[in-house]
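Colleague: Read off the chains here:
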Amino acid sequence: MKVITLLTDFGDYYPGVMKGVILTLSPEARIVDITHSIEPQNVFQGAFLLYHSYKYFRNAVHVAVVDPGVGTERKAVVVESKNYFFVGPDNGILYPSAIEDRIKAVYSIKEEISEQVGELSTTFHGRDIFAPAAAMVANGDYSYLEEFEDGELKKLELFDYSVSDDKVRCRIVYVDRFGNIVTNLREERGKGFYFNGIEFPLVKTYSDVDKGEPLSLIGSFGTLELSVREGSAAEMLGIKRGGGWIELEVL
Amino acid sequence: MKVITLLTDFGDYYPGVMKGVILTLSPEARIVDITHSIEPQNVFQGAFLLYHSYKYFRNAVHVAVVDPGVGTERKAVVVESKNYFFVGPDNGILYPSAIEDRIKAVYSIKEEISEQVGELSTTFHGRDIFAPAAAMVANGDYSYLEEFEDGELKKLELFDYSVSDDKVRCRIVYVDRFGNIVTNLREERGKGFYFNGIEFPLVKTYSDVDKGEPLSLIGSFGTLELSVREGSAAEMLGIKRGGGWIELEVL
Amino acid sequence: MKVITLLTDFGDYYPGVMKGVILTLSPEARIVDITHSIEPQNVFQGAFLLYHSYKYFRNAVHVAVVDPGVGTERKAVVVESKNYFFVGPDNGILYPSAIEDRIKAVYSIKEEISEQVGELSTTFHGRDIFAPAAAMVANGDYSYLEEFEDGELKKLELFDYSVSDDKVRCRIVYVDRFGNIVTNLREERGKGFYFNGIEFPLVKTYSDVDKGEPLSLIGSFGTLELSVREGSAAEMLGIKRGGGWIELEVL
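Protein chains in written order, with our numbering: chain A, 1 to 251; chain B, 252 to 502; chain C, 503 to 753.
Only chain A is shown next, with the shape it has when bound in the complex (with noise of 0.2 Å):
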């Protein structure tokens, strides 16, 4: 049984024909979502989440789906790593991942892969070329994958933030349910961090202070946080979504 995950901006219904299209190719395939709540068009996001789940499976198929670019020349890809497939656009989505558990091979999908689906649409890839690709690639079945021509996949960096001594400059880079503000920023720096008037104590864990007061942590992604005990930072900053770039005063 093989494992195909799902990391998408398409939210609802769009990921439920995919994962038709997969059945109907590799009946045995094991689908998992990991989010279809990606921000739309946002693929350093996408890039960032799916750099911190795919080492938490083994040995799937990981399909991530951010393009602004479909319909356009950008290139379907297929990418072999150590340990895993990766399968989307190549738009820098896979490219931090891919990277990380080592590139073997790289392929792009030809497009006549949609003749599995019976469609090509110029809005919707995920089902009419990726959801094809990863159960055919699923199935060990490459014929619809050939030589990338283009050399390398495009890059995208998710550690591109900057510090100084009393400054950081990093990017936010996701608000989740609780209203945490994740950023990339993979250190610690000084006592904490000031940010529109409000001061986040660099803590341990969230019980390091009073309810309903804002801290900053490492969390779970090994990068900064800004986040309220059993509240919400998005809410106390008016921050919505991921995508900006802030200035932090360090402590």
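Wrong hints could be hidden among the right ones.
[Said to hold, decoys possible] PhoX-like cross-link-like pairs, simulated, lysine-lysine; straight-line CA separation at most 20 Å:
id, chain 1, residue 1, chain 2, residue 2
1, C, K656, C, K606
2, A, K75, B, K455
3, B, K333, B, K306
4, B, K333, B, K406
5, B, K326, C, K706
6, A, K155, A, K191
7, C, K504, C, K577
8, B, K361, B, K418
9, C, K504, A, K204
10, C, K504, B, K253
11, C, K584, C, K612
12, B, K333, B, K253
13, C, K584, C, K557
14, B, K361, A, K2
15, B, K418, B, K442
16, C, K504, A, K2
17, C, K693, C, K584
18, B, K418, B, K355
Read the hints as simulated data drawn from the structure, not as lab findings.
We have chain A already, so just place chains B and C on it with the hints.
Modeller: Just chains B and C, lined up with the frame of chain A:
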């Protein structure tokens, strides 16, 4: 291994209970969520999304429950078509899919099937009627099915739009997570459409216009969609949900 | 094949990681989502929805994680009851279900179980503690479990309402996607209820009132719900979430 798909307007929790009921009665069933985010009570949307997903599966039992008539005299039915079983209320939601796949037989589900669950509520037939019916049909067990006495399934016409030389009147069926406005118009007209003071030129793919620009195209449903490249047509037009009719001027 | 259910307030992404951990340790486990939309930190709601779902499964390992005390001294436990295993924090979330099904044994989970994942964060014990515990228990492997020294599970009383001849004081437990307001009142009273200037006549089924009209009924949880036929009681009353107490006048 039999696939049972679920399409409902139940949101969260309720589908989990349905899965428990199904797995208790049919432990080998493979359950796939198509969506649980149909707009509350929007039978038309349910019928449309079922129609655009059922065929991507092979040999499945499709359960579709959008059921404003729960607790009334509306029948609960199982429809056997050429390749599938459809399970749901007889309110039109199953009709377009079942007709397209060719109906072989229609049964009504006896309320006594709720014995298998141990409960019969007046509000949650997804749990008490439809889930056990799907599980038992997947098992090849018809013991709670009986002749459908109403003669014919309730009809529902998905593509009930009207066109003239310079106007189109069609339905907004679905607003997806990207803010694409999916209509039920199954044909191209002119060079695009004019709606609410905005021109939506008819193109083949998103990248035919600049980022942030409106467009229209025949999308992955095979119907007209109003979109904004890497943006949200729903936001641009202030349209939040499906269900309404719109009149478009043909360019 | 063992069923492992998940009920959390994690929303998206985090449950996907838990599934990777579970499948790595117990590849044959069958994972079913009950919900990941428990209101953040609402332990009572988690306990209520677990109580109203666990029994629809057969022989499952039920994982329930709503865990405001993560990173504190609260124990992580496995409860073995007559028909199930329950895995989660010892904060009351498991208590009503485990008691009802008859507790046979309680264990605490050693933090060292996180070796199996390779990480121990202070914020995501769903990944580091509860997921591996569920997988290993499903495998029949108790090696990271030890005697529960706190003596008794933390209690939580789901049905803690008070009634008098003309008043009822109960909790709003859950506001579902339809805007039904689910309370914890487990009995019928009088001819209905008066709340916020609106009468909610007690009926048997939605269709006992006209469309758009308020009503109350004993719903699929076996408790009182305030509803609007084909509308939203939550919207009518301006109630957005569970957790609060309400006082209803009995009609």
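Colleague: What are the numbers of the hints that this structure violates, sorted from low to high?
Modeller: Violated: hints 6, 7, 8, 9, 11, 14, 17 and 18.
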